[in-house]
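Student: Spelled out from the first residue to the last, the chains are:
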Amino acid sequence: MPFDHEAVVGFAKSFGLFYLLGLSAICLAWTYWPSNKKGFDEAAKMPVLEEEDRPWR
Amino acid sequence: MLADFTRGERTGALVILGTMVVLGLAMAIAGRHDLLGIHGWIVFGISLALTFGAIRQLDLPEPSPERLSEYYDAPTRTGLILTLIWGVVGMGAGFWVAALLAWPEMTFDVSWLSWGRLRPIHTSGVIFGFGGNALIATSLHVLQRTTRARLPDALSPWFVLIGYNLFCIIAASGYLMGLTQSKEYAEPEWYADIWLVVVWVVYFFIYMRTLARRKEPHIYVANWYYMAFILVVAILHIVNNLAVPVSFGSAKSYSLFAGVQDAMTQWWYGHNAVAFFLTAGFLGMMYYYLPKRAGRPIFSYRMSIISFWGITFMYMWAGSHHLHYTALPHWVQTLGMAFSVVLLVPSWASAGNALLTLNGAWHKVRDDAVLRFMALAAIFYGITTFEGSFMAIRAVNSLSHYTDWTVGHVHAGALGWVAMITFGSLYSLVPSMFKRERIYSQKLVEVHFWLALSGTVIYVFAMWNSGVIQGLMWRTYDETGTLSYSFIDSLVAMHPYYIARAFGGLLFLLGALTALFNVIMTIRMPAIGMAPEARGDLPAEPVMQAGE
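Protein chains in written order, with my numbering: chain F, 42 to 98; chain L, -11 to 536.
Keep in mind that a hint or two might mislead.
[Claimed, not checked] Derived EDC-like pairs (lysine to aspartate or glutamate); straight-line CA-CA distance at most 16 Å: (1) L:203 to F:83; (2) L:203 to F:45; (3) L:240 to L:22; (4) F:86 to L:204.
[Unchecked claim] Computed list of chain F residues with no C-beta within reach of chain L, every gap over 12 Å: (5) 43; (6) 56; (7) 65; (8) 73.
[Unchecked claim] Which stretches of chain L does chain F cover? Using the computed rule of at least three CB atoms under 8 Å from a CB of chain F, they are: (9) 47 to 60; (10) 206 to 214; (11) 351 to 361.
Worth flagging that the hints you see were computed from the coordinates, not collected in a lab. For glycine and all other residues, C-beta sits at the position ideal for the given N, C-alpha and C.
Let the sequences and hints guide you as you build the complete structure.
Tutor: Listed below in structure tokens is the structure:
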């Protein structure tokens, strides 16, 4: 397959489309996976925790 | 500074500085018949001064092991001050070039005072000088607080901060001398570009090494944004600046790209500089400092993740909307347009997330000008991203492109979003970083807020008006099918708006000067716990002696 304009466009319109669709699906599934909720809720509290202002070790 | 360095780090610092002295001298000698030579002497001079400074401090006692039980904030402190200094320089240059557009005779026939040389000092000064230093300073703070790990060493953050500012100095001084590779927001020549790559890689490794030492299992979302900023800016910078210098003794280089490929690479870079420098990095700032200041966790953590991946996926493809109606293939233009429109979703998810976080804390927004800076930033972020998606549509672009509407759009983002979130974060960070009880004057923060807001509104409305008038004048035909207005006619119509724009910019500059003054006065206040000593540890004067 020659590396010309047509080939690049074909690649973008086939592989590129499914690549982005797949990535979006993985991202959405991971974000809304029920068992991940607890970790995210804890992470969200990180900036507002009133902990001692020093590193853990 | 060197007091924080271990013996090994002090040696490392001397080796680096020695190498830079030699490199500067080599540049000065190889480029003695070229402007490169002047830059060589600048590098040589700065490196030599730093070397002497380092040697003087070489015999200081080694830092105590107790330092490891505290965060390393010294680079952040210096970075915050540099942010404000570059802010004043960049915004001052902005005011000056705005005035030049209204009164062009103010170049006084001096080459380095010409608009073409001063304008990149404004853009680089505010984007890289002000924005870049703010991002480095805040990222090092957020990184340590959210991972609960100290920076891995003392040498590398100072290398990044000083090296980055050396890049900014080389860039700005080069523009004054007329050195540019004529790529917007990527004007510095090849040697400055190579230097920035070195600095940037070290910056990225600070992030990776600190993350590797973290205690928190989850990496807080602000760090994702900061890391996307560092990683993508590295990729953009390297690809767009691929060039071959005329010789090692010449500042001039030729880009690897030509024609429409050059335009596409440049605007792939240019728009992603907006996306990853001016958006992702500052979103990282927003996702940490806004919840912290409001005292409420972010409204939806999940939405911040969706926004993150949305922005990183889609911004990459949006750059071609800068090249509507050009030699670029039509489908590439359409691709850029489509992705720009879809980008509204993650952009508004972030803006909405920020505003919903404030829902229930509006009384704090009313009372606290610092939080109001951040709230306003989120509002302007929402306005600007909507406007950007709209302007990327080809039919809208046919009116807006090459007009001042674009300039207005950029400044709604730069003043309303980037600068507001920066000032908000900076005000909330300065007291704790310098261990002061509070900011010197809350009133001056309030003054700054209203200066910044009115300056932004005046600026943006002036440019919207000017831009739409320009666009309409350029496309008005009479019944014979010829253009109704000459270019000069549109120039005359823009004049009052250019005066208004310069005035808006002046208000914004005065706000930045207020911030600089307020921060300097804060640093001059006594530190927490130091107050009695500073006042003198003396008994109070008795009001009245017994028997009087």
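Student: With 12 Å as the threshold, tell me whether residue 43 of chain F passes as away from chain L on beta-carbon distances.
Tutor: holds, 17 Å
Student: Beyond 12 Å on every Cβ pair: is that true for residue 73 of chain F relative to chain L?
Tutor: violated, 7 Å
Student: Would you check the hint for residue 203 of chain L and residue 83 of chain F, treating anything up to 16 Å between C-alpha atoms as holding?
Tutor: holds, 14 Å
Student: How does the region 351 to 361 of chain L fare against chain F when you require at least three residues with a CB closer than 8 Å, holds or violated?
Tutor: Not satisfied, violated; 0 residues make the cut.
Student: Mind checking, does the region 206 to 214 of chain L have 3 or more residues with a CB under 8 Å from chain F?
Tutor: Held - the region 206 to 214 of chain L has 4 residues with a Cβ nearer than 8 Å to chain F, which meets the minimum of three.
Student: Checking one constraint from the list: CA of residue 86 of chain F to CA of residue 204 of chain L, max 16 Å. Satisfied?
Tutor: holds, 12 Å
Student: At 12 Å, judged by beta carbons, does residue 65 of chain F keep clear of chain L as stated?
Tutor: Residue 65 of chain F is in fact no farther than 12 Å from some Cβ atom of chain L, at 7 Å.
Student: If you draw a straight line from the CA of residue 203 of chain L to the CA of residue 45 of chain F, is it 16 Å or shorter?
Tutor: violated, 50 Å
Student: Decide, holds or violated, for the assertion that all CB atoms of chain L are farther than 12 Å from the CB of residue 56 of chain F.
Tutor: Consistent with the label, residue 56 of chain F stays out of reach of chain L, its closest Cβ about 14 Å off (over 12 Å).
Student: In terms of beta carbon proximity below 8 Å, does the region 47 to 60 of chain L have 3 or more residues touching chain F?
Tutor: holds (count 4)
Student: Regarding the pair residue 240 of chain L and residue 22 of chain L, is the alpha-carbon distance no greater than 16 Å?
Tutor: Holds, at roughly 9 Å.
Consistency note: the structure conflicts with the earlier hints numbered 2, 7, 8, 11.
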